[in-house]
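K.L.:
With the hints as extra help, turn the sequences into a complete structure.
Residues per chain, in single letters:
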Amino acid sequence: MTARVATPRTAPTPLVVPPLATVRGRAGAEPLRREGPAKLTGEALYTDDLVFPGAWYGATVRSTEAHARLDAIELDPAFDWSSVVVVTAAEVPGENVVSSIDDDQPALVPVGGEIRHHAEPVCLLAAADRETLRAARARVRLRTTPLPAVLDPLLSETTFAHYDVGRGDLEAGFAAADLVLEGTYRTGHQEQLYIENNAMIALPRPDGGIEVHGSMQCPFYAQKALKRALALDAVRTVVIQAETGGGFGGKEEYPSMIAIHAALLARRCGRPVRMIYDRHEDLAATTKRHPSIVRHRTGVLGDGTLVAQEIEIILDGGAYSTLSPVVLSRATLHAGGPYRCPNVRVRSRVVATNTPPNGAFRGFGAPQVEFAVETHLARVAEALGISPLDLRRRNAYREGDTTPFGQVLRESVAAQEVLEQAAEASDFATKRALTAHARAERASGPVGRRRSARGIGMALGWHGNGFTGSGEAKMGSVAAVELTAAGEIRVLIAATEIGQGTKTIFPMLVGEALGVAPDDVELARPDTSAVPDSGPTVASRTAMVVGRLVIEAARRLRAQVEAATGRPFAESYAAYAATHGHLRVDQRFEPYPDTSFDDATYTGDAYPVYGWAACVAEVDVDLDTFEVAVRDVLAVDEVGRVLHRVLAEGQVEGGTLQAVGYGTIEEIKLQDGRYLNDRLSTYLIPTALDAPRIRTVLLQAPFSGSPHGAKGLGELPMDVGAPAVVAAIADAVGAWVTELPATPERIMATLGSSAAAS
Amino acid sequence: MNGHAGFRFLLNGESVEVAVPGMRRLLDVLREDLGLSGTKEGCGEGECGACSVLVDGMVVDACLVPICQIDGHVVLTVEGLAPRGAEPAMLSPLQAAFLEAGGAQCGICTPGMLMAARAYLDHGGGPDEDAIREAIAGNLCRCTGYTKIVEAIALAADHGADAGPFPGASAGG
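Residue numbers (my numbering), protein chains in the order written: chain A, 1 to 758; chain B, 1 to 173.
Treat the hints loosely; a few may be bogus.
[What the hints assert, rightly or not] Derived contacts from chain A toward chain B, CB cut-off under 7 Å, selection only:
| # | residue |
| --- | --- |
| 1 | Arg279 |
| 2 | Ile498 |
| 3 | Pro568 |
| 4 | Ala570 |
| 5 | Gly650 |
| 6 | Ser681 |
[As the list claims (entries may be wrong)] Which bits of chain A does chain B cover? Going by a derived footprint, with three or more residues having C-beta under 8 Å, they are:
| # | stretch |
| --- | --- |
| 7 | 188-196 |
| 8 | 683-689 |
Derived by calculation from the structure, the hints in this document are not laboratory data.
No residue lacks a Cβ here, since even glycine has one placed at the ideal position from N, Cα and C.
P.N.:
Spelled out as structure tokens, the structure:
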């Protein structure tokens, strides 16, 4: 059977408006993606498309061991090195560090220093052409003394960060429980797999500084790292984002390292140097999602009411700390799921192993723990003999509830709404009755050779929007809106377009605040010498946090112009500019009203607000091979306010498929600390044929802290897809896979062990 | 370039000639020798489809094709999709459908995806979901979940997009 595609014109996806929502801006009035035409004609310039005459090519010589002392870097004397530039740690003019939280990662391993993971950068080469570069790279030998490698996070004695937090009386909770269930859940590495590999080009400046063009999410992160490694000031360190072919967190912190490498080579060469990773290098060396081990012990009453949650989280940070402490923080805060529970304790740690460092990836610690808690609670429901939907209904947060970290959820709480919407729109109860019937029939004897089993599963999730805890307040982001002397309206922010729609929504927000059309608003290029630091493009913070700043700046700009002209902004700004010249308004982040977080006690408003998501997946499991085909996925996401329906749906659909890939096929195999499947022929992501039909329902519960009502959206769908798929597999075959991805081998093993146990 | 044979082919309707080593990848010839950087490199081993171009109307990965095999053939890249010389600049109906439906996000897979879609439509493909998914199965996208790409191609099929004959009946070689 084939399905005819519902095109936007014939059958638009419904923008469901529950009683709690308000709608502004129907899809028909939405502007088209601003940079869309350039992307569709091939005119958009990504980093590798930029031409700098006379540029050389750069390469990174990397370790081939997981743990060793670097004794020497040997250049083959038989090779002609006169046409090659070599840079080692000894040539780093500033601090040999990639600036991050703990500053433990060197830009290059120094001779006499310690190689801590496979594919770690040791020295840099540049040459005028790729052939010379390739030949030179083959003539560099690293002399090392092997050291014992720690590859199992459970055996690691080095902890990057840890928490032991919660509230209530855990033992009293368990004592009151009618049922106590324990379970252990594991997840593996996941690669962001943006289709554009990492890429940076550095140009020496006449003033001794450096200019870097590259593929990145956070120009000011790269600038800070360059300043420290090259001992430069901000004026002489310019970072400019090129068109960027996807990020998903993979271009949050790692580009800082590549920027340093390209800059070191460019300064030595005295000419531009192109540092363009190929897919193999990108897969082998750059950050992945943290693998996890999560243990749950949960107490419930007979009716399903949660009374105790004891949770232990272990994340594998890899060899350096990168962003691991904050990934762990988010994992800890999301570990209990979107559920009210009076007695909770979460102990968590992120540890070092001799594997490539793990880092930011959409969801940032939440997908791991939400897979664990959703799967565990579904098993609790099964053990109680109640439906997983009812268990969630009973416990999901409502307005006024308090989290385990003392945050009262005062507003924009939509856990129940996304849950009910998902149950209704998927016809969950009816379909689940059918799959249960089919499962019972199969169990009761041969009813013909059924080759596959259908299953349906559900997950509920939440995602804190913006930086964790006091992060936003400490960062103090600044955004600006200016009216140029020529009468142009420009938005000045460092927020980057990485596909999510930044370039489209900011002109909409500013246009709305000023009373002009989005087309009348320009967005400045993210260039550290031209825009203020509005913070990194991470943590689902761009639309909500930076969006608020530009609206506030635009409103102030409008008030100033209207006060001077006495007429509406739209009618008078051109005349104002002609008379008064340039006007710029900067807006600094102020904490959201009545929110505070105490880092010392780890209590308070962990996030200003949360987004809520429910996901229902339907799968067919082949009963001979245990291959899983994910057929249909319903994604219900509550995002405060939908700023642009097409773009918002695009985020949900893409995040949902990434989550389905995480749940089913995406896996990294390691041997001696090296990724075995470090090519695109061996690391698989879903194709259009693997992908389910994804149906999106967007709900709106506006956030009063945002002048536009918007909350974060980018990461939310990533949190719920995998547990929904695993629940659907369990519904199909009658056994729970507790480790991601749910490969045929794991499903078969699970069935084998449950058969043996019964 | 001395000492290399010249290779002639029809590129986006125009005859071109390059004198490069015969095993140089079509992708590098397009991007570096001819300055057409719309065709992207995602993996260099034929897995992602970001470098998809049409050769004689068939989708190929330009990273896997040596230029010697292109001699005398007809190549269409993303730069050849929009109507040439239109004032103001215009998108083809297929490109416009991608823009309207939201089929491009980060945009790096988009040129290759458009070429696969163009071949599908040129060969009479209609707005059938399964057939569209099959046609773009060699092109990876990490942003969209494919939903809006499939919708865009169906929309273009509905509108008889890009129905014109494949440009260049005869090759330049």
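K.L.:
Taking the hints in turn, state whether each one holds.
P.N.:
Verification of the supplied hints:
no. : hint    : result
1   : Arg279  : holds, 4 Å
2   : Ile498  : holds, 6 Å
3   : Pro568  : violated, 30 Å
4   : Ala570  : violated, 25 Å
5   : Gly650  : holds, 5 Å
6   : Ser681  : holds, 5 Å
7   : 188-196 : holds (count 5)
8   : 683-689 : holds (count 4)
Comparing the model with each numbered hint stated earlier shows that hints 3 and 4 do not hold.
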